[in-house]
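**Q** Sequence:
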Amino acid sequence: MLVRLTPRQRFEILVSQFEPAVRAAFIEAIDDITSNIVLRRIVERLERGDINGAVNAMNLDPAAFRPLDEAIRAAFNGGGVATVDQFPTLRDPSGHRIVVRWDARNVGAEQWLQTHSSQLITGIVQDQQIAIRTALETGLARGDNPTKTAVSVVGRVSTITGRREGAIIGLTGPQSSFVATARDELLSGDPAQMRNYLERTRRDKRFDKTVLAAIEAWKPVPAALVDRITGRYADSLLKLRADTIGLHETFAALGASKDIAFRQQMEKGNLQAQHVTKGWKHTPQKHGREQHEAMQGQVVPFDQSFTAPDGTSIPYPHAPGVPTRHTLGCKCFCEYRISFIDQLESKFRADRA
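Residues 8 to 360 in our numbering are what the sequence shown lists, from first letter to last.
One thing to keep in mind: the hints can contain errors.
Said to hold, decoys possible - Okay, the calculated beta carbon distance ranges per label pair:
#1 Thr129 with Gln292: 45 to 51 angstroms
#2 Asp211 with Arg55: 32 to 38 angstroms
#3 Thr188 with Arg48: 27 to 33 angstroms
#4 Thr188 with Ile167: 25 to 31 angstroms
#5 Gln279 with Asp317: 28 to 34 angstroms
#6 Leu46 with Gly336: 32 to 38 angstroms
#7 Gln305 with Gly336: 18 to 24 angstroms
#8 Gln126 with Pro291: 38 to 44 angstroms
#9 Val306 with Ser165: 51 to 57 angstroms
#10 Ala199 with Thr13: 33 to 39 angstroms
#11 Ala231 with Pro291: 41 to 47 angstroms
Quick caveat, the hints were computed from the structure, so don't treat them as lab data.
Note that CB positions come from ideal geometry on N, CA and C, so glycine has one too.
Based on the sequences and whatever the hints tell you, model everything.
**A** What follows is the structure, encoded as structure tokens:
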């Protein structure tokens with residue numbers, strides 16, 4: 008017997024289909040950048056004191072993020088197709104069924120993709136440049152030689168995988184600072200600071216015994232070991248960054264495509280905005296937003312925004328321009344409903360006119 012899926016179940020299927028690909032695409036882009044790094048070029052520039060040149064030598068090219076761009080496009084188009092596939096039967100004034108299709112070349116669809124991807128990738132690259140420049144300056148100021156400074160940024164090539172590991176490339180500015188602070192804590196020899204490291208949730212706990220031994224001995228962790236520990240910490244933070252981007256970008260693409268799919272039908276005259284409502288659907292999480300929990304069940308007309316308890320207007324979850332406090336880690340979605348009674352009344356009035 009066929010089981011009719013709920014809107015939430017259908018949405019979760021879409022997320023499970025596209026989120027892993029978006030996450031993997033980000034990692035692929037970072038791997039492409041790190042695998043093409045020539046360490047000697049970076050070191051030579053640092054030896055000359057040319058930090059900007061060292062950053063440029065890492066080739067942080069927006070084109071490297073093409074896989075991420077394509078994965079977001081796939082999620083966006085997949086969401087659009089899924090939306091129109093779930094449309095109820097629409098009929099024209101004569102009662103004939105209206106054929107509805109997702110138009111990936113629609114101006115609104117193309118504009119969202121171009122604007123969203125451009126802003127995302129430009130932001131990632133600029134954030135990388137700032138974080139890397141700061142890390143290089145910090146390393147040299149600490150007295151590290153150019154080679155050690157460069158390796159702390161680009162990572163070391165694993166003899167097992169052949170890939171660079173422990174790089175800060177791909178991390179956000181704050182995450183890069185977390186790695187630098189963790190290094191300082193482990194090298195400090197101060198038990199209080201080293202205990203701070205043990206509070207870091209993304210650390211590799213396999214090194215905890217080593218850190219505890221250093222704390223008991225009131226000695227710093229050996230520098231070579233600190234490189235390994237902070238390298239694993241950086242890798243863990245990179246995974247977190249990939250998970251965050253995978254989730255956020257998938258939800259953003261699916262949310263936008265659903266909204267645009269309805270707008271396309273309105274532009275074609277197949278549907279009228281006054282016949283459509285949208286409802287906020289909160290997804291329970293371990294650390295869910297209380298504001299979004301309070302918005303559960305809130306219903307508004309299609310062309311109006313939801314209102315969060317703090318007064319923020321939200322067209323739909325993950326809509327462009329919505330503050331990060333309402334999007335980062337959010338798993339809410341929007342359910343659209345078409346009022347057939349209103350449609351029939353409009354048709355009746357049109358016929359009588």
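**Q** For each hint, tell me whether it holds in the structure or not.
**A** These are the hints, each one checked on the structure:
1. Thr129 with Gln292: 45 to 51 angstroms: violated (30 angstroms)
2. Asp211 with Arg55: 32 to 38 angstroms: Distance hint for Asp211, Arg55 holds at roughly 35 angstroms.
3. Thr188 with Arg48: 27 to 33 angstroms: holds (28 angstroms)
4. Thr188 with Ile167: 25 to 31 angstroms: Since Thr188 and Ile167 have Cβ atoms about 28 angstroms apart, the given range 25 to 31 angstroms holds.
5. Gln279 with Asp317: 28 to 34 angstroms: With Cβ atoms ~32 angstroms apart, the hint holds.
6. Leu46 with Gly336: 32 to 38 angstroms: holds (36 angstroms)
7. Gln305 with Gly336: 18 to 24 angstroms: holds (20 angstroms)
8. Gln126 with Pro291: 38 to 44 angstroms: Between Gln126 and Pro291, where Cβ atoms are some 30 angstroms apart, the hint is violated.
9. Val306 with Ser165: 51 to 57 angstroms: For Ser165 against Val306, whose Cβ atoms are near 53 angstroms apart, the range 51 to 57 angstroms holds.
10. Ala199 with Thr13: 33 to 39 angstroms: Since Ala199 and Thr13 have Cβ atoms about 52 angstroms apart, the given range 33 to 39 angstroms is violated.
11. Ala231 with Pro291: 41 to 47 angstroms: 45 angstroms Cβ-Cβ, so the 41 to 47 angstroms window holds.
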